[in-house]
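**Q** So the chains spell out like this:
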Amino acid sequence: GIQVEQSPPDLILQEGANSTLRCNFSDSVNNLQWFHQNPWGQLINLFYIPSGTKQNGRLSATTVATERYSLLYISSSQTTDSGVYFCAADSNYQLIWGAGTKLIIKP
Amino acid sequence: EAGVTQFPSHSVIEKGQTVTLRCDPISGHDNLYWYRRVMGKEIKFLLHFVKESKQDESGMPNNRFLAERTGGTYSTLKVQPAELEDSGVYFCASSPGTYGGYTFGSGTRLTVV
Numbered sequence: 649g650i651q652v653e654q655s656p657p658d659l660i661l662q663e664g665a666n667s668t669l670r671c672n673f674s675d676s677v678n679n680l681q682w683f684h685q686n687p688w689g690q691l692i693n694l695f696y697i698p699s700g701t702k703q704n705g706r707l708s709a710t711t712v713a714t715e716r717y718s719l720l721y722i723s724s725s726q727t728t729d730s731g732v733y734f735c736a737a738d739s740n741y742q743l744i745w746g747a748g749t750k751l752i753i754k755p
Numbered sequence: 080e081a082g083v084t085q086f087p088s089h090s091v092i093e094k095g096q097t098v099t100l101r102c103d104p105i106s107g108h109d110n111l112y113w114y115r116r117v118m119g120k121e122i123k124f125l126l127h128f129v130k131e132s133k134q135d136e137s138g139m140p141n142n143r144f145l146a147e148r149t150g151g152t153y154s155t156l157k158v159q160p161a162e163l164e165d166s167g168v169y170f171c172a173s174s175p176g177t178y179g180g181y182t183f184g185s186g187t188r189l190t191v192v
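Chains as they are written, first to last, in my numbering: chain D, 649 to 755; chain E, 80 to 192.
Because the hints were derived from the structure by calculation, they are not lab data. Careful: at least some of the hints might be erroneous.
Across the chosen pairs, the derived CB separations fall in these ranges [claimed, not checked]:
#1 D:Thr714 to E:Thr149: 42 to 48 Å
#2 D:Ser674 to E:Val192: 33 to 39 Å
#3 E:Val117 to D:Ile650: 17 to 23 Å
#4 D:Pro657 to E:Glu164: 20 to 26 Å
#5 E:Lys120 to D:Ser674: 16 to 22 Å
#6 E:Glu131 to D:Gln703: 37 to 43 Å
#7 D:Ile692 to E:Glu93: 29 to 35 Å
#8 D:Pro755 to E:Glu131: 44 to 50 Å
#9 E:Glu136 to D:Glu653: 23 to 29 Å
Here a beta-carbon is modelled for each residue, glycine too, at the ideal position from N, C-alpha and C.
Just chain E, with the same shape it has in the complex:
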C-alpha cells in the first residue's frame, strides 16, 4: 500500500507570504495528525483529525495556522502570513485507530526567510 505522502518536500518562502502544505494519508486511515519540529526543539503535536472533523487542535500555535481535511481524505495546513519562527519540518501521520499504528510521511521542510 502507498504510504503517507507529503508535498512539497521543501518550501522556501519570504516572511509574510502564504504557504500550503499537503498530506495524503494511507487510504482508509480515519485518523490524521500534524506535527512539527522547529529548529533545535522537540517534535510537537499540532492537531488531530478524525475523518473530516478536528478532534484536537490544542497544539496549533496561533491563528495564522489553518488546517483542513476536506471529505476526510487529504489534509492541508496553511500558514498565512508566515513568520520566521515558523521554519522547521512539518510531519503528517495517519493511523487506522486512535492509539498506535502511526505511519509518518517524509515531512515538509519549511524555511521562512
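With the rest of the complex left out, here is chain D:
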C-alpha cells in the first residue's frame, strides 16, 4: 500500500521564524491533505491540495503530484502554531497518514 513519510519528525523554532515541512508519498494519490493537531488534540484541516499551491494567511502548501511530495510553509511562526502537523494521502476512499512533524514555537 501507499507509504507516507514526513520530515522532519521534530522542529523547534523561535517565534517569527519560517519553516518548511515535507511530506513524501510512495504512489499516486487522489488527494493530499494537511492537518494541524493542536495541543488540545483537535485535528484541524489546513489544506486539501491534490496539486498546485494554495495559501491561507501565513500558511501555504504546494503539492507536486508527479514527484509525489507536498510541502507546508509556515511564515512568521507564532506560539499558537505549535502542535503536530500531519499530512494524509487520500487513496481508495481512506486517508493514509504520515507520522507527523511535531513543531514547537518558542516565544
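With chain D fixed as given, assemble chain E onto it according to the hints.
**A** Chain E only, in chain D's frame:
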C-alpha cells in the same frame, strides 16, 4: 454549521469492560469515517460508512470492534471486551463527498487499565 461532535471526550475503563463511542457528523454528510491513533503509532483508518452502509471496514482490528450508523445519521463504535492495546485516541470524520472535505471531531481518548 455545527462541526463533527464526538463523545465522550475521555473514557477510562477496565480491561474486559465495554465502551461505546459516539460520533455525530455534520448534517447532510453522507460519508462518515472512524480513525484511531494508538500510543506512539500513526493514525490508522478503521472504517467508512456511506449513509447507513459500511463501505469499507478493512481497518477494523478484530471482532471486538463493532460500528453502526443507524439511519445514516450518528454512528457508534463499540469495543467489547476492551483490551489494554485498545487505548488511544479515536477520531471520527465526515465529508459530503468521497474525496476531500473531511471535517474531524475532537476525538475520544480511550484509556483501558
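**Q** Compare the structure with the hints numbered earlier in the document and write down the numbers of the violated ones, lowest to highest.
**A** none
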